[in-house]
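**Student:** As they're listed, the protein sequences go chains B and S.
Numbering of the first sequence is given in our numbering, commencing with residue 1 and proceeding in unit increments.
Numbering of the second sequence is given in our numbering, commencing with residue 1001 and proceeding in unit increments.
None of these hints come from the bench; they were simulated from the model.
We treat Cβ as the ideally placed atom computed from N, Cα and C, and that holds for glycine.
A couple of the hints might just be wrong.
Simulated pairs of lysine-lysine, DSSO-like, Cα-Cα distance not exceeding 27 Å [what the hints assert, rightly or not]:
(1) B:K507 with B:K484
(2) S:K1193 with B:K441
(3) S:K1207 with S:K1147
(4) S:K1193 with S:K1326
(5) B:K441 with B:K474
(6) B:K246 with B:K400
(7) B:K479 with B:K441
(8) B:K166 with B:K156
(9) B:K405 with B:K441
(10) S:K1289 with B:K441
(11) S:K1022 with S:K1289
(12) B:K405 with S:K1147
(13) B:K441 with S:K1326
(14) S:K1147 with S:K1201
(15) S:K1193 with B:K400
(16) B:K507 with B:K405
(17) S:K1201 with S:K1022
(18) S:K1022 with B:K246
A short list of chain S residues far from chain B (calculated; beta carbon distances all over 12 Å) [what the hints assert, rightly or not]:
(19) G1036
(20) N1084
(21) G1181
(22) A1259
(23) L1317
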Amino acid sequence: MTTFNDFVIRFANVNGSGSASANSMFAKAIFRMGVPVATRNIFPSNIQGLPTWFEVRVSDLEHFGLRDQVDIMVAMNAETYKQDVQAVRTGGYLFYDNSKPLDRTLVRDDIVEIGIPISHLILPEFADPKQRQLFKNIVYLGALSSLLLIDFDVLKGMVSEQYKGKDNLIQPNIHAMELGRHYAQEYLECPLPIQLRHSENVGDRILIDGNTAGAIGAIYGGASICAWYPITPSTSVAEAFEQHAKRVRVDPETGENRFAIIQAEDELAALGIVIGAGWNGARAFTATSGPGISLMTEFLGLAYFAEIPAVIFDIQRAGPSTGMPTRTQQADLLGAAFASHGDTKHPLLFPSTPRECFEFAADAFDFADQLQTPVLIMSDLDLGMNEITSDALRWDDDRKYNRGKVLTAEDLDRVESFGRYVDVDDDGIGYRTLPGTHPTKGSFFTRGTSRDEYAIYTEDPDIYTKNMNRLLRKWETAKGLLPKAEINDTGQVVGVVYYGTTATPMKETLALLENSGIYVDTMRIRSFPFGEEVESFLSFHQFNFLIEQNRDAQMKTLLVNELGISPDQIESDLFLIRSRAEFSFARIRNKSRPD
Amino acid sequence: MTFVAKPKIHHPLLQFNEIGLKRRDYEGSVSTLCAGCGHDSVSAAIIMACSELSLPPHRFAKLSGIGCSSKTPSYFLGNSHGFNSVHGRMPSVATGANLANREMYYIGVSGDGDSASIGIGQFAHAVRRQLNMLYIVDNNGTYGLTKGQFSATSDRGSTSKKGVPILYSSIDLVSMALQLGATFVARSFSGDKQQLVPLLKAALLHKGFAFIDVISPCVMFNNHNGSTKSYDYLRHNGSRVVEADLTLPHEEIRVNYEAGSTHAVTLHDGSTLHLQKLAEDYDPTDRIKALTRVQEAQETGNVLTGLLYVKSDESDLHDILETPSKPLNEMSESELCPGSQRLEQINQSFR
Ligand SMILES: Cc1ncc(C[n+]2csc(CCOP(=O)(O)OP(=O)(O)O)c2C)c(N)n1
Ligand code: SF4
Ligand SMILES: [Mg+2]
């Protein structure tokens, strides 16, 4: 039986062999045929020589979660050959370079082998050893276009786009692609029963990763200062910010940059720069991952207590410590929520899609300014570094930045007295002034030490207590401001709760459940502190399954701690690395039908 | 009814400067440091420098880390914003503040613990970045606020040769600043207003990273274990009436000595500091020579003071980053947000 637009293909390559661009071309070509795709890089913390995998899930139904086994394996790495062969599902396809004979001990008779003499095809055509290596990737791309029916014009168009300006590279690339394509057409049974065809399902959507989308969100949100220290998987946030700011944030007349980027000496300095800028009224952000958050904690406490806006992207990776730098996880929740000593807590945002990375990034600057506190965007490697079909980015030109309560010189002339931490509006948020605003009014001393409403140092226990309780009032205000959970409630008994990238496989999980006649309500948590809707969802459902990607059920801890609900109300569905639809499905099914 | 004519006072505190302000308008709140602390002299010198330059006080931003020295921004320029950040991290906060608004004057005050130990990395990188600011280290060779632990700058001049030798080699922030490319590097003594005030004025007007290491004696802990003249020694071995929590009032140490000469200062613990002032014909434009002179003085047990190095017309961080003359924190939505049409083009590049 032929299937269309529904398969998982995995490319097994060697890091640094030039496979990345060929592989992303493969995904993009399918996307351009109108078919939704999601990509996944599985790569080592290494620059050259170690194995990497690139996976593309092609799915008209947008089932984008990770699957254990793949339909097609493109096995280009001899070192991982054994495990790669094992990863193919029964009835699946193994694509390999048969220039050298296969190790017969590895052969499986329940899968189909597709051998192509890639090295032999290349040898007489290209003299340069570097080109020989690079074009291996292009040859298999060509062969796959015949086997899977990738629109060849689309592919050729992409080569021309990619090498625009380096025209002498276009022809050799197309030639290499045709070598593979013609070989497959001539010697192999083309096409496979797994096929592609043009589809309307992409619509006007885009193929983008969360870090890039988040960086563009920072630009649209008015961030003018970015300070960062390189760390996987967050680096591309800063890089994309620079790349796009250079295009869209440069004064058209003078060529001057309406932004400043500092690659700081470490994460402490990165956040220090952000805090200094925020104190002085510019929108600033940093991007980091777990180890960076650990280093930033002292400063996070300062920004919390001195009430200074800051935006931090935490692109989470597997911890503890250096952990697995190139693997995804959602294990920084507790560390981020309560980062720093003393009674400190911070608002968190949980984007699930690149589009939401864009929106939350832009919104985070408003939230940070309004709440005068650091706001953390809790993305992860999976969302941050992998391209996935996403809603296009949208901006309302009528939108005005909400800079929160900042007094101008005219405001200061009007007010009788100014006290930085006076809770005038009873929402826990005082009015602030920026340095240099007024010659005689509104100056104050910002400090991490205890102070009174007029920012004067004090250790008076009553004043200290009053101030700490005001900060709690601000916390309440935050609940009404932050994005509400996305809830689908049709009055079922079972509630399924998820957040961030555990949302990615959910469409498939729900489809599997529905096929088994099981209907559940869902809630996707989008921020911390939780709004009332989160509490009522959890209390109204007899069973709540909470899917997360960490060992210790960190979101559950937050929910139980903040909402005062009983731990029995939430059943954890924990994955140490990536959540999987088939597992969540099985667990939810078993629980929903206790027989 | 009798009229008493008000006496005409020409006290400097009451004289108006060019922008119609009095010295008093540059003062801050009352210091809570120990009487006689060198740090207070530095604050007083900052007040004099700023008022003599007739700069508007509210256009300054004062930044500091943590320590007695870092408290001092409260005690000068009361009409400007201050930021007492965290220990050793003032340079990064100052970097961010400066990036946000290039039009203000930035004064950072730090201590030797703050800058030479916990914050040495941030200090070094702020110098590298050519941040346009005045960076002052109130260098008392000890951790004042935490009560007298050794500091990495301790082994300086002849004082360190008294008492128990410090086990580790010392860090000289002036040499570091010179090496890392600061374009204004000076050293002075807190009690030498004749030298310090003009240096501060020049540093404030300098574009780029201006660093002044101010030797600023601590009246409480400028002592070494084993020094028979130290406050600690007296407390434990001296007269019984001295209680452990009693602090003796001290006088501020003032000096006034000629360019080119050497001057011995007796510190509160009785130790001697040998200050050596650069001669008037010293050429401060030669960085290598400056480094050599600093080190030569160190070898002979002297602390060289004066403007060691200056290089004008260098680019600062904003020039390097090519930011506009309009401060980034004043940019409006229309200047920051590329708008929906542009976003559609961006979308198109991801299709
Ligand atoms: C992270 C951190 N560690 C330690 C301290 C305690 N501490 C406060 S001030 C200080 C030393 C200050 O020495 P210095 O910078 O020389 O300033 P001084 O008081 O001598 O002027 C220390 C260690 C702190 N505030 N923060
Ligand atoms: S302890 Fe030393 S540095 Fe601190 S205020 Fe007293 S004299 Fe000054
Ligand atoms: Mg000190």
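**Student:** Each hint should be assessed against the structure and marked as holding or not.
**Tutor:** Evaluation of the provided hints:
1. This hinted pair checks out: K507 of chain B and K484 of chain B have alpha carbons roughly 20 Å apart, not beyond 27 Å.
2. For the hint linking K1193 of chain S to K441 of chain B, the alpha-carbon distance of about 30 Å lies beyond 27 Å, and the restraint is violated.
3. Of the pairs offered as hints, the one joining K1207 of chain S and K1147 of chain S is violated, with about 36 Å between alpha carbons and a cut-off of 27 Å exceeded.
4. Proposed proximity of K1193 of chain S and K1326 of chain S is contradicted: the alpha carbons are some 36 Å apart, above 27 Å.
5. Proposed proximity of K441 of chain B and K474 of chain B is supported: the alpha carbons are some 25 Å apart, at most 27 Å.
6. Note on K246 of chain B and K400 of chain B: the hinted pairing holds, with a Cα-Cα distance of about 23 Å set against a maximum of 27 Å.
7. Only pairs whose Cα atoms come within 27 Å are accepted, and K479 of chain B paired with K441 of chain B is rejected, the gap being roughly 33 Å.
8. Proximity of K166 of chain B to K156 of chain B is assessed by CA-CA distance (about 15 Å); at most 27 Å being required, the pair is judged to hold.
9. Proposed proximity of K405 of chain B and K441 of chain B is supported: the alpha carbons are some 16 Å apart, at most 27 Å.
10. For a cut-off of 27 Å, the pair hint linking K1289 of chain S to K441 of chain B is broken: about 47 Å separates their Cα positions.
11. A threshold of 27 Å between alpha carbons decides the hint, and for K1022 of chain S with K1289 of chain S the separation of about 40 Å lies outside it, so the pair is violated.
12. Using a Cα cut-off of 27 Å, the hinted pair K405 of chain B and K1147 of chain S is violated, with the two alpha carbons roughly 40 Å apart.
13. For the hint pairing K441 of chain B with K1326 of chain S, the CA-to-CA distance comes to about 23 Å; that is within 27 Å, so the pair holds.
14. Taking the CA atoms of K1147 of chain S and K1201 of chain S, the gap is about 32 Å. The hint is violated against a cut of 27 Å.
15. Under the criterion of a C-alpha separation no larger than 27 Å, the hint pairing K1193 of chain S with K400 of chain B is inconsistent with the structure, at around 51 Å.
16. Restraint check for K507 of chain B and K405 of chain B: the C-alpha separation of about 41 Å exceeds 27 Å, so the hint is violated.
17. Our distance criterion of 27 Å between C-alpha atoms is met by K1201 of chain S and K1022 of chain S, whose separation comes to about 17 Å.
18. Taken as a hint, the K1022 of chain S and K246 of chain B pair is broken in the structure, with Cα atoms around 46 Å apart against an allowance of 27 Å.
19. The Cβ of G1036 of chain S lies farther than 12 Å from every Cβ of chain B, with a closest approach of about 22 Å, so its non-interface assignment holds.
20. The beta carbon of N1084 of chain S is not kept farther than 12 Å from every beta carbon of chain B, the shortest such distance being approximately 4 Å.
21. Under the 12 Å C-beta cut-off, the non-interface status given to G1181 of chain S relative to chain B holds; the minimum distance is some 15 Å.
22. Consistency note on A1259 of chain S: stated as away from chain B, and its beta-carbon is indeed over 12 Å from all of that chain's, at 37 Å minimum.
23. Residue placement check: L1317 of chain S does not keep its beta carbon more than 12 Å from all beta carbons of chain B (closest about 8 Å).
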